[in-house]
Amino acid sequence: MSVRVQDAAFDAGAELNAFSGGDGVGAIVSFTGIVRDTDGTLAAMEIEHYPGMTERAIQAIVDEAMTRWALVDALVIHRFGRLSAGAPIMMVATKSAHRADAFAAADFLMDYLKSRAPFWKKETTADGSAWVAAKDADEDALDRW
Amino acid sequence: MNVMYFAWVRERIGVPFEDVQTTAVTVSDLVVELSAREDRYAAAFADVSALRVALDQELADFDAPLAGVREVAFFPPMTGG
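Top to bottom, those sequences are chains A and B.
In terms of the working numbering, the first sequence is residues 1 to 145.
In terms of the working numbering, the second sequence is residues 146 to 226.
Same shape as in the complex, but just chain A (with noise of 0.2 Å):
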């Protein structure tokens, strides 16, 4: 498995090709997330992290998925620093033989990561900058779990 925070931009094409294979692979789920420009002001975005423990948090979350599903691997990129509109975030992707457990595994990582792997952002517009809010839905994501 591979946990990957980075500043630099990903192709999330490139990744899933290089993810995919290995024997007994019969299902690859991927989820890219991208910069969303709600009502067409977003000038940008700014990913601020905790260095160390993004990573500890991250691998963590993937050795819980690791454990719970019958995963023949997973990938995590996150990114962080200043992103425009429209460019990719953070990227998951999950391999196993049957498609439930890439799937479930999947999902479990994304709810995982919102909530509770260490990043916040922030949002530049005309009118300024603002701090992202969690929302208590992403909260409330972790207990179907």
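No lab work stands behind these hints: they were computed from the structure.
Among the clues, some could well be false.
SDA-like cross-link-like pairs, simulated, lysine to any residue; straight-line CA separation at most 20 Å [stated by the list, open to error]:
| no. | chain 1 | residue 1 | chain 2 | residue 2 |
| --- | --- | --- | --- | --- |
| 1 | A | K122 | A | D136 |
| 2 | A | K135 | B | A195 |
| 3 | A | K122 | B | V160 |
| 4 | A | K135 | B | W153 |
| 5 | A | K122 | A | G33 |
| 6 | A | K122 | B | M146 |
| 7 | A | K135 | B | P222 |
| 8 | A | K122 | A | G24 |
| 9 | A | K135 | A | I34 |
| 10 | A | K122 | A | P51 |
For this one, chain A is given, so just place chain B on it according to the hints.
Just chain B now, kept in the frame of chain A:
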């Protein structure tokens, strides 16, 4: 110990980290101690229900003991993904 601040907590306090000499027993004690120092701390810690804390890079509760802890970090709820 090293005390770190992230996101709007960092902005309110004005520094990303600092060395703090303290005899606080728990995280909550440290919050009370820092809040009494200056208004910028009191502003950042006004509502601890809006904050999270990590001890040596692991999420913890505000009633957790600080004995043996080298790094404390305060930040708002995380917004990854």
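Status of each hint after checking the structure:
Restraint check for K122(A) and D136(A): the C-alpha separation of about 18 Å stays at or below 20 Å, so the hint holds. Proximity of K135(A) to A195(B) is assessed by CA-CA distance (about 12 Å); at most 20 Å being required, the pair is judged to hold. The straight-line distance between the Cα atoms of K122(A) and V160(B) is roughly 17 Å, inside the 20 Å bound, and the hint therefore holds. At roughly 16 Å between alpha-carbon atoms, K135(A) and W153(B) fall within 20 Å of each other, so this suggested pair holds.
Straight-line distance between C-alpha atoms of K122(A) and G33(A) comes to about 16 Å, which keeps the hinted pair within the 20 Å bound. Taken as a hint, the K122(A) and M146(B) pair is broken in the structure, with Cα atoms around 28 Å apart against an allowance of 20 Å. A threshold of 20 Å between alpha carbons decides the hint, and for K135(A) with P222(B) the separation of about 9 Å falls inside it, so the pair holds. A C-alpha spacing of about 42 Å is found between K122(A) and G24(A), which places the hinted pair above 20 Å, so the restraint is violated.
Distance hint between K135(A) and I34(A) is fulfilled; the C-alpha atoms sit about 18 Å from each other, no more than 20 Å. With a C-alpha separation of about 17 Å, the suggested pairing of K122(A) with P51(A) holds against the 20 Å cut-off.
When each numbered hint is compared with the structure, violations occur for hints 6 and 8.
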